[in-house]
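Visitor: Sequence:
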Amino acid sequence: MSYLSKLGLAGLVLGTLILNGCATNRNPPPEVHDNVCELIKNDRQWYTAAKRSQDRWGTSIAIQKAFVHQESRFVHNARPPRRNHLGIIPGSRASSAFGYAQALDGTWAEYQQATGNLRARRTNVNDALDFIGWYNSLSHSRNGIALNDPYNLYLAYHEGHGGFRRKTYEQKPWLMSVAKRVEQRSIMYQNQLNQCRLPSQRCFFGRC
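Heads up: the sequence shown runs through residues 83 to 290, numbered per my numbering.
To be clear, the hints were calculated from the coordinates, so they are not data collected in a lab. For every residue, glycine included, the Cβ atom is placed at its ideal position computed from N, Cα and C. Watch out, some of these pointers could steer you wrong.
The following label-pair restraints were derived from C-beta to C-beta distances [what the hints assert, rightly or not]: (1) P281 - V260: 29 to 37 Å; (2) E252 - E113: 31 to 39 Å; (3) G226 - R161: 29 to 37 Å; (4) P163 - K254: 17 to 25 Å; (5) R161 - N117: 22 to 30 Å.
Could you build the full structure based on these sequences and the hints that come with them?
Guide: Here it is as structure tokens:
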């Protein structure tokens with residue numbers, strides 16, 4: 083093998099390693115879910131992506147993380163479970179929710195059109211966190227919910243802006259309990275972030 087061929091092969095291997103290192107389907111291990119500092123230490127993209135979304139849309143890093151924890155437990159390809167017919171035959175899923183943010187097909191398409199990010203994927207950390215920020219910004223403008231109010235932001239996220247306006251959540255005590263847990267987790271995450279040694283946002287070849 084010539085020197086140039088070896089050099090080309092080395093470059094290919096390096097490029098593969100870089101792409102693998104910048105993979106966007108990142109599922110943090112369960113043991114770091116309750117400690118946002120450890121979650122970020124495990125994979126700093128969970129900080130840099132959330133920071134970009136926060137700067138763009140105004141939803142804090144802690145609230146974004148609390149939403150993802152509730153929606154998917156940080157699993158990139160999470161879906162609602164299938165219904166069972168007669169207790170044994172797999173049926174359809176409860177909804178089209180998919181990915182880190184459990185965005186519905188129609189809402190995701192709306193996000194893509196609104197942001198011009200037609201290649202956005204629900205399994206991508208950057209896109210999922212940007213989606214959460216975008217949706218919460220609409221909850222702020224359409225429903226008057228403060229961006230530092232995780233309880234009501236989550237109710238609007240779950241019920242939709244029209245459902246929140248109609249207060250459909252009042253008929254769902256379980257959902258209000260879930261929203262309260264999201265609020266409590268966001269407070270926990272924020273307290274942890276205040277003590278974190280956060281990474282810089284310097285990226286490699288445009289990716290973090």
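Visitor: Does each hint fit the structure? Answer for all of them.
Guide: Structure-based check of each hint:
1. P281 - V260: 29 to 37 Å: Given range 29 to 37 Å: holds, Cβ gap about 31 Å.
2. E252 - E113: 31 to 39 Å: 37 Å, holds
3. G226 - R161: 29 to 37 Å: Holds, since G226 and R161 (Cβ atoms, about 32 Å apart) stay within the stated range.
4. P163 - K254: 17 to 25 Å: Between P163 and K254, where Cβ atoms are some 19 Å apart, the hint holds.
5. R161 - N117: 22 to 30 Å: 26 Å, holds
Violated hints for the displayed structure: none, as all numbered hints are satisfied.
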